[in-house]
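Letter by letter, the chains look like this.
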Amino acid sequence: MPDTAWGWIAWSLGAVACAAVWNYSSLWIVVQFLSRRALARHVRLAGGVNRIHVHGLNTAENCRTPMSIADAVIAFCVYDLRSGPLLLDLAIPQGRYWSVTVYRVDTTNVFSINDQQLATKLEGRPVERIRMLLAKSAATTVFAADSADITVLSGDRRGIVLIRSLVSDPENEVEAAAVAAQLATSRATLPSATL
Amino acid sequence: MGVCGVISLSQLLSSVLAGAVLSVLLNLIRVLRSVSPHSGDVIRVGPWHARLSDGGPRMTAYQRALVAVTGLWAMRSSEAVYFTSLHDSRGERLRAGRSYLISGRNMPARWWSLTVYRNFQFIPNPWRRYSRSSTNLKFEADGTWKLWLTPHEATGNWMPIGADDGLLAISLRLYNPDDVVRSNAQSLEFPRIEVAPAAAITDASCIAGGDNA
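Residue numbers (numbering that gives the first Met the number 0), protein chains in the order written: chain A, 0 to 194; chain B, 0 to 212.
FYI, nobody ran anything at the bench for these hints, they're computed from the structure. Beta carbons: idealized from backbone N, C-alpha and C, even for Gly. It cannot be assumed that every hint is accurate.
Unchecked claim - One side of the interface only, derived from the structure: several residues of chain B facing chain A at Cβ under 8 Å:
hint: 1; residue: LEU11
hint: 2; residue: SER14
hint: 3; residue: LEU21
hint: 4; residue: GLY70
hint: 5; residue: MET74
hint: 6; residue: HIS86
hint: 7; residue: SER88
hint: 8; residue: ARG89
hint: 9; residue: ARG92
hint: 10; residue: ILE122
hint: 11; residue: PRO125
hint: 12; residue: TYR129
Extracted from the complex, chain A is given alone in its bound form (with noise of 0.2 Å):
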């Protein structure tokens, strides 16, 4: 240990600052760890990026996101963003709550909106589909913002776009098979058009 004075505080000032590091970096590595896995697992589910798939109602079998929802047909689309935007067309199943949240790797919820927020923003306009363009900077935007409804900037390269319809009953196959299939409609494309 230290003899002097000075050394005593160099090595509190090190270990403190050691702390610090060591703190905000373990934090930073499990958010990481976590969020990468996870990203990865819905990656393999969705054989791709860029692609939205319909996971359906999450079930013991299917679904190891810890305390997920039960009542909710899920979709999702793990996007990156190197080649350029995305364009999500999203189908709106009517009469329930629908909400598409997007997300940056680090866990950052960067956009939500629900199916009630929309009808506000489109007023005058049905809700059926929406067309959100979803981009990293305002500047891969330029020849593909007035193509889409809502654009959106995550501020990082990847992440996820999570969709959720909830069912008055998960029990109902039917209800749930009927909101999957509309869910199925919702398209990913990368505009023909970028900077």
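Based on the hints, put chain B in the right spot on chain A.
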């Protein structure tokens, strides 16, 4: 010659090690604080607690890690508030193999549900029943409802709780909650969680929900 002429290499390494220990202690304190009644943005009502910052941009590094472990990809509190209970209304830990009665009224939200988990996962069961919600619970004539958690099959408002050991938790999800949920949840009547009386457990007609009475 020491590092920068002040401390030796071994002293530097011990400083790094002390920093690691300090970091672990700091996270332990955070965990203990997060379950205390006086945690910053945690709402506590009876056995129920919720974090308002879950999913939002104001999350600290620690909150983000906690959400990643216990509820990855949670929505912001303006869209959904997630209350969790690990205890019954007397403060005792929820236990597998027991039967519980949850009772309450309609919650101030567009939609709400109760879901049971073991070790943060759905409890496997032959009926694939993991939750009950405001749209499939049977309400009594006075606007109240009763929901039985049992290790065996029942009828009416019930959910299987399983018999295997593990950390049991009940999640109360509120989608598009009224502002009062975030601003003054303590003024609301939250569901009570009580150990079901033995007589009710053995009498199947008592276990059945309101429509089978």
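Structure-based check of each hint:
1. LEU11: Since the shortest Cβ distance to chain A is 6 Å, the answer is holds.
2. SER14: holds (4 Å)
3. LEU21: OK, holds: B:LEU21 within 8 Å of chain A, min 4 Å.
4. GLY70: holds (5 Å)
5. MET74: Interface hint status for B:MET74: holds (6 Å vs cutoff 8 Å).
6. HIS86: Since chain A brings no Cβ nearer than about 17 Å to B:HIS86, farther than 8 Å, the hint is violated.
7. SER88: violated (21 Å)
8. ARG89: violated (24 Å)
9. ARG92: violated (17 Å)
10. ILE122: holds (7 Å)
11. PRO125: violated (11 Å)
12. TYR129: At 4 Å from the nearest chain A Cβ, B:TYR129 passes the 8 Å test, so the hint holds.
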